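My request is simple: use the sequences and hints to build the entire structure.
Chain by chain, the residues run as shown.
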Amino acid sequence: MLSDLPLLSLAVWLPIIGGLITLAAGDRDSTGAKRIAFAFSMVTFFLMIPLYTDFNISTADMQFVERTPWIEAFNIYYHLGVDGISMPLIVLTTFITPLVIVAGWKAIQVRASQYMAAFLIMEGLMIGVFSGLDSILFFVFWEAMLIPMFLIIGIWGGPNRIYATIKFFLYTFLGSVLMLIALIYMHHKSEIDSFAILDFHTLKLNMTEQTLIFFAFLLAFAVKVPMWPVHTWLPDAHVEAPTGGSVILAAIMLKIGGYGFLRFSLPIAPDASSQFDWLIIAISLIAVVYIGFVAIVQEDMKKLIAYSSIAHMGFVTLGFFLPFGIHATLAGNLSGAALAIEGGMIQMISHGFISAALFLCIGVMYDRLHSRQIKDYGGVVVSMPVFASLMVLFAMANSGLPGTSGFVGEFMVILASMKYSFWIAFLASATLILGAAYSLWLVKRVIFGEIRNNKIAEMEDLDAREFAMLASLAIMVLLFGVWPDPLVEVMHPTIDNLLQHIVVSKL
Amino acid sequence: MNTSDFSLIIPEIFVLAMASIILVVDAFLHDDQRETFYLLSLTTLIGAAILTSVNHFDGRTTGFGGTFVVDTMADVLKFAVYLVTAAIFTYSKQYLKERDLFKSEFYVLGLFAVLGMMILISAHSMLTIYLGLELMSLSLYAMVAFNRNSALSSEAAMKYFVLGGFASGVLLYGMSIVYGISGTLDLAKMAEYLAAQQSFNAPLLLGMVFIIVALAFKLGAVPFHMWVPDIYQGSPSAVTAFIGTSAKLAVFGFVMRLLVEGMGAMQNSWQDILVILSVLSLVIGNIVAIAQTNIKRMLAYSTISHIGFILLGFTAINLEGYSSAMFYTVTYAITGAAAFGVVILLSREGFEADNIDDYKGLNARNSWYAFLMLLVMFSMAGVPPMVGFYAKLLVLKAVVDQGMYWLAVVAVLLSVVGAFYYLRIVKVMYFDEAEDQNKIVVGGGMHAVLSSNALLVLLLGLFPGTLISLCLTAIS
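Chains as they are written, first to last, in the working numbering: chain A, 1386 to 1892; chain B, 29 to 504.
Certain hints may be false.
[Claimed, not checked] Pairwise CB distance ranges (calculated):
| no. | chain 1 | residue 1 | chain 2 | residue 2 | range |
| --- | --- | --- | --- | --- | --- |
| 1 | B | S504 | A | P1871 | 51 to 57 Å |
| 2 | A | P1871 | B | T501 | 51 to 57 Å |
| 3 | B | I318 | A | S1890 | 41 to 47 Å |
| 4 | B | A224 | A | K1589 | 40 to 46 Å |
| 5 | B | T501 | A | G1417 | 45 to 51 Å |
| 6 | A | I1434 | B | G75 | 55 to 61 Å |
| 7 | B | E63 | A | G1411 | 30 to 36 Å |
| 8 | A | G1417 | B | E289 | 46 to 52 Å |
| 9 | B | H475 | A | D1414 | 42 to 48 Å |
| 10 | A | R1420 | B | I318 | 40 to 46 Å |
| 11 | B | E461 | A | S1720 | 57 to 63 Å |
| 12 | B | E461 | A | T1416 | 21 to 27 Å |
| 13 | B | L487 | A | D1578 | 25 to 31 Å |
| 14 | B | L180 | A | R1850 | 54 to 60 Å |
Think of the hints as simulated: they come from the structure by calculation, not from any bench.
All figures in this text were calculated on a predicted structure; none of them were measured in a lab.
All residues carry an ideal CB built from backbone N, CA and C; glycine is no exception.
And the structure:
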C-alpha cells in the first residue's frame, strides 16, 4: 500500500511543497509557519520508514526506481532510485531535518517562515542528490542545494556571515563546474546517448580520460567533504551559520561529498582511482592528524567541532580509497576491502548523528549565554545536569568511545587499513588520541570545572523540546554503537557489487 | 511578386498599420485618454502573435524573390519578441508616467523597432537585412533619447547613433565587397556561390571580417562593446530593457541568416574569429562587471558575458550549437526582461533605482519582489533549477561534442567569476539592512506580468524540454 507510492518523489517534493506553503504562510503567525514546517518534516520522515522496511537487502540493484522522460531531446530522464549506499543517507536526512526545525523553534524570531522554508526545500534537494540517477538531474539538485544554504548562512548567521556564505557558495560552485564538464564529456563518449549515472559506470575510458575525470570529480567532492587543503570554507561557514545551518551542513551536506566518491569517482574512474589512491590516502591522513591538532587549539566551540568534522570525514575518504591497496595486498580477497568502505559509510552515518548532536548542544548553550567561546563557560554541569550528561555522551562518541556509533566506523577503517599498511593504520589511530584530546578537553573546560560566572549558575536545564531533540540523537548513537548490523546489512550487497566493479580495470 | 508573397508578411503589415493608426489616433486624444494608445500597442503585439501563429507555414517558405523567408526559427524568434516587448511595455507604463514621458511616440517607436526586428529575423537578402536593421536601430536611437531633459540620456543617444551608424557603414562596406565578388544579394544564391569555391580569396575574407565586425558591434561583443555600458546606463530603464532583450533576439536572427545561412560555407574561417570574440566577451564581461556599482552597468557587462556564451554556441558550427545559442538567446531575453522589470519597478518619480545599494534590504521591504529578483540572478549565474543553467548546459554540451574542451573549461571558470556579482545582488537584497524605506508602488498589470515573467524563468528551468525541442526543430 504505502510502498506503491512513488516514495522517492514524495521524499523530494513533499518537503519542497511544504517549504513553499510555509513561505506562503508568512511571518504574521510565525508559530503557525513553524508548525506547518514541522508537520511536513515529520510526515516526510514517517514516509521514509517503508523505504527502510521494504528495502530488499539481497540485491545491489537500484530500488524504488522512478523513470520518466524529462528533456527528451537529450535523453535526460527524471530518474530516481536508491541502493544500499544512498538509502541510509536519505533516511538520515529525513531524520535530521525535523530536529533542525525544532532547534530553531525559539532561537529564530526574524523571518522564521523563510528560515523553516529554506530547510524544508533543502531537505528535498538533498534527497534529490542522493536519489538522482540521471547525472543532469543529480547536478541540478546538487547545485540548487547551494541556494537555500547560501541564504540560511547569509540571513541568520553570525557577524561575519556574508564573507562566510559567499566563500561557501563560490568554493562549492567552483568545485562543481568542472564536474559538469566531466558529465557532459562522458555523455559525449557514451555511444548510447545516455546521461544515466549507471551507464557511466560501464563506460570505457582510457587512462588520460579517467585521470581528468577523476580530478574534476575530486575537486567537486573534496570541496564538499571537505578535504584538506580545500576545507577552509567549512570553519567559516560553521561559525557563522545558525545552529540549524551547522547541523545540516555537518550532518548531511558533507556526506554528499562522500556519497559522490562512491557513486561517481570510484566506479567511473576505477583505474585512475587506483592510480591516485595514495594521494587521497595521504590527504585523508593529513586531515585526520593535522586537522586533529588544529581542533585542539580552537577557542570557539563551533570551530572546534567544525575541525573535528573535517578530521572525521578524513576517515571516510580514507576508508573509500583503501580498497585498492587492500585488494592488492590480500591477493584478490574483497572482504577486507569491503570492511574499509563499509567503515567509511558507517562513519558517515554516525558522524551525521554525532556532529548534529554536538552542534545542537552548542546551540542550546548559545541560546542561553549568547557566546560560543570556550573561555566564557565552565561548570555547566552544576546548573544543567541533564544537558551535561548528554553532552558528555556525545563528546565521548565524538572521540570514538566503544559502545557508541563513533567507534564502529573508525574501528572498521583502522582494521582495514592494517591489512594494507601498518603505518597508515598507525597514523589513522592517532585520531583516537586526538579525538579524545579535543573532545574531552572541550568537555572539561565547558561542562566541568568552576562555575565561571553568574550567568552560568542561572542557566536553566533542558526543556522538553531540547531534551527530545538530544535524546533521540543519543538513542541513535548508542543503538548503532552496540548494534550496527541493520546498517551494515543494508549496504553490504551494494558495496560488494561496487568492489567487484572497481577491481576490474576499464582499460 | 504575387499575392501569396503578401500572405507571408501579414504580421508585418499588421504591425505597420497599427503603428501608423496609433500615431494618428494620438492626435485626437486628450491627455487623460492616454491609456488608449498603450492598450492599442499591447493589442498590436497580441494581434501580431495571433497572426504569426495562424500564418504558420510548415517548413520554409520564401517570398519576394527570395528576399523574405518564413520558417520555424523566424516564428519562434518573433514570438519571443512579441512576448518580451509586451512585458516591457507593461513595465514601462508606470515608469514613463512618473517621468512625464508617457506619450504615444514611445510605443510607436517601440512598434516600429519591433517591425524592424521582424524584418531582420525574416530577411534573406542583404538588402532586407539592412532594411530591417536600420528600421530597428533608428527607432532605438530615438527611444534612447526619449528623456530629452536628461543629459545622460542625450549623451547615450548621441553615442549610440554615431557608433551605430559607424557599424552600419562597416556592415555595408563588407556586404558590398561580398556582393561585388559573388554577384548576388540573395543569401541562398550567395551560399551556393560560396559553397562552390575551392578556397576563399583575400577580398572575400575581408568582406566577411567587416560583416563580422558589424555583427559583433550590434551584439555588443568584446572588443566592440564600448557602447554597451554607457547606453544601458544612460537610457531610460524601459528603453534599456528593450535594447537588452528584444533587440538581442533580432540580432540573433541576423547572425543566423547572414553568417550561418549565407556564409555557412566559410564557417571554418569565421569560427576562429567567433572563438576569440566569445572568449574576450566572457573574460571582459564577467570581470569588469564585478567592479560596477550601478546595476544597469552591471547588467550591461553581464549581457556582454552572455553574448560570449551565445557566440560560443555558434563556434560549434553545427545544428546543435546554433540551437543551443538560440535557446540561450530566447531564455536570456526572458530573464533579462524580468531583471529590468525589477529595476523599473523600484524606480519612482525622480529616482532611478540604478545603484546596487538601492536594493539593500529588499527582502525586508517586499519579500516577493526580492524572491523574483533572486530567481533572475541565480538564473543569470547559471544555477539550476533556473533556466539559465540549461542554456549554459546546452552551449557547453555543443562545444564539448565538438571536442573544444578547453573552451568549455574557460567558459565555466568564468561563469564562476560571474556568479560573484550576481550573488552580490542577492546579498544586498537579503543580507543588508534597508536604507530606502519608501513604499514600492506598483501598477496593476505590472505585478502580474513581472511575477509571471520571473516565474517563467523557474518554470522553464523545471520543464525545459519543450523549448529545447522547439529550438532544435527551428534550426534544422
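Which earlier hints can't be squared with this structure? 8 and 9
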